[in-house]
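Sequence lines, in order, name chains A and B.
Quick note on the numbering used here: the first sequence kicks off at 58 and runs consecutively.
Quick note on the numbering used here: the second sequence kicks off at 494 and runs consecutively.
Be aware that a few hints might be false.
[As the list claims (entries may be wrong)] Calculated cross-link-like contacts (lysine-lysine; reagent style DSS-like; alpha-carbon spacing at most 30 Å):
#1 K627(B) <-> K611(B)
#2 K76(A) <-> K705(B)
#3 K456(A) <-> K76(A)
#4 K456(A) <-> K577(B)
#5 K590(B) <-> K455(A)
#6 K76(A) <-> K677(B)
#7 K560(B) <-> K627(B)
#8 K520(B) <-> K627(B)
#9 K577(B) <-> K590(B)
#10 K237(A) <-> K178(A)
#11 K611(B) <-> K577(B)
#12 K612(B) <-> K590(B)
#13 K590(B) <-> K456(A)
#14 K696(B) <-> K455(A)
#15 K144(A) <-> K76(A)
#16 K523(B) <-> K696(B)
#17 K677(B) <-> K577(B)
#18 K699(B) <-> K520(B)
No lab work stands behind these hints: they were computed from the structure.
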Amino acid sequence: MHFDWHPVITTWQMIRRNKMRSFLTSLGIIIGISSVIIIISLGAGAQSLLVNEIKSVGSDLIGVLPGASESNGPPASVFGINITTLKYADGQAIKSRVPEIVDFSGYVRGAATVSIEGRKKEASFVGVNANYLNIESTEVVSGRFFTNEEDNSASRVVVLGSEVAEALFNFSDPLDTHVKINKETFDVIGVMKSRGSGGFQNQDNEIYIPLNTGQKIMLGINYISLMRLKVASGADVDSTVEEVKKVLRDQHGITDPEKDDFSVRSQVQTLDTLKTLTDALSYFLAMVAGISLIVGGIGIMNIMLVSITESTREIGLRKAVGARRRDISIQYLIQTVVLSMVGGLLGIFFGVLISWLVSVVANYLGYAWDFVITWQSVVLAVGFTFVVGLLSGWYPAKKAAELNPIDALRYE
Amino acid sequence: MIELINLEKDYTNEELVTPVLRNINLKIAKGEFLAIMGPSGSGKSTLMHILGFLDILSSGKYIFQDKDVSSLDDDTLAIYRNQKVGFVFQSFNLLPKTSVWENVRLPLLYSGGLVDEKKVDQAIASVELTHRSKYLSNQLSGGEKQRVAIARALVNNPDIIFADEPTGNLDSRSGTQIMAILQKLNAEGHTVILVTHETNTAKHAKRIVRIKDGEIVSDEKNDEQIIAAKTELVK
Ligand SMILES: Nc1ncnc2c1ncn2[C@@H]1O[C@H](COP(=O)(O)OP(=O)(O)O)[C@@H](O)[C@H]1O
Ligand SMILES: [Mg+2]
């Protein structure tokens, strides 16, 4: 037995004869496959961005926000509503009563116009406790962070984010200078290490002052807007979350968990929720794009039917010189599968190319965006186009094979 | 080589039966140059299609090379068309935008074996188109197209060459050229069966079978042609 290669020759001849039509036939598949690849890749990229962001904060953290939350939805405080129920004392109570909590910091924040000798920079100030560096696993590159004593005495000391330092001091040494934050004068005691702008907040454009200073001098409040708790390594995060909630209910005199005026979320939980959410979203979108593949398949079938009608005489001739039914049907089946799969390969090529460009641009803009192409999506695309080719070619191929040679030769 | 016994052919379209050929009895020997003549619609092409395994008969018997081929299945008919016969049609039927060489190769693609490229070149040479091998089918004149069609019919070295009104779409000069090629092929030993309604074309054959309304009305030697052949020999 030798390999029967005539359908390959014939397919090549036919595609070469109708280059434009062949391209248009594959276009639906090209677009469909590249959209699926792009959506899955961008979904994975966006997920990596969020996950990197959360991991950079530390996955051993528990966050407490004021205000109740629907079990998984965002707490009210996210929408900018000020809720005054969460206090620094709540943190102290948690730390003393829950052994798994080794450290915590309260947070307040506000808008800051930082200025020095005519230079000005719009930024956010964040009031935190002295152990902030330990909580968020970050460091200062020059100078130092403030101490507990400076926090307790509401000292006017500030640690600048790298972007703020650069904007105001232009690489000259900011240490031991005085800056104005809104109306108050502060001593610059340190500069934070650059953390890159991953995610929603640009931490390099923040400045850090003691929590008490933020509350009493800058904002005139006695509550905090966020608390981060560090869990002892090895401790069970979920049960610790429950302990934290119990202490908070005690503190706030709440007996019914339904009436919680706070929400406690661990980073692990947030990560899981985010992953599930972005996965679901990107698979949904990929499915929508997948529908375009069905449309592409119908397009191929349609054009094949037109081609076959147009080449009725040619089919008659092929039969007259000895083509059997299966020679004709295999020839058209191969042709549709080739058109579909070439479309699929081009679609993969363009999809990967565009996804890659997006990741390059995102990284250039400073986002921690991973370029992810899963081999599953490529295998799936190739397999899918093969099946689409077979399915959309089957009926036209059968019709072509059944043509009677004489009728076909007489066809005008 | 060929024997038809009481052959009948009707076309059935939705209960409507149209008899096309009736009571056809015909013997054709190897090496003959036969013309089937008759007015348009008399059944010439239908007869040729049956002889050439493109169509099947309704009743009667078709003996080909001592074998009853009256009721062959589709695939066997295809093999017979590929191996035993070659067709030349009035409207050339070349593959569009495809080279002369590839057009002539076409039957070999369905022969179930590796294509012997020499056969293609030889067939093209025998119709004197070697210089046009690489031309596309749409770059040829009508006469050249028909010569490509003859080369295609020849490429598998068939026992019989069928030509259905081969000069019908050609000017008289190209037509004469085509007939000369068919005569040459016959002289080389191929059986040629020509279908035509033109006396002028039929005169090249050695034997003329006339049909009318699906029946054979005469079957005689073409004396003119025989005389011409003899004079040719004397020269
Ligand atoms: N598929 C068909 N169905 C019905 N009638 C047909 C069919 N093909 C041919 N005929 C009829 O058969 C007769 C003979 O046709 P044909 O063999 O083509 O004649 P010729 O070649 O002598 O002009 C014509 O009357 C034609 O209309
Ligand atoms: Mg006819």
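Taking the hints in turn, this is what the structure says about them:
no., hint, in the structure
1, K627(B) <-> K611(B), "15 Å, holds"
2, K76(A) <-> K705(B), "48 Å, violated"
3, K456(A) <-> K76(A), "23 Å, holds"
4, K456(A) <-> K577(B), "27 Å, holds"
5, K590(B) <-> K455(A), "25 Å, holds"
6, K76(A) <-> K677(B), "41 Å, violated"
7, K560(B) <-> K627(B), "40 Å, violated"
8, K520(B) <-> K627(B), "41 Å, violated"
9, K577(B) <-> K590(B), "28 Å, holds"
10, K237(A) <-> K178(A), "10 Å, holds"
11, K611(B) <-> K577(B), "19 Å, holds"
12, K612(B) <-> K590(B), "22 Å, holds"
13, K590(B) <-> K456(A), "24 Å, holds"
14, K696(B) <-> K455(A), "44 Å, violated"
15, K144(A) <-> K76(A), "72 Å, violated"
16, K523(B) <-> K696(B), "20 Å, holds"
17, K677(B) <-> K577(B), "19 Å, holds"
18, K699(B) <-> K520(B), "14 Å, holds"
In this structure, the earlier hints numbered 2, 6, 7, 8, 14 and 15 are contradicted, and the remaining ones agree with it.
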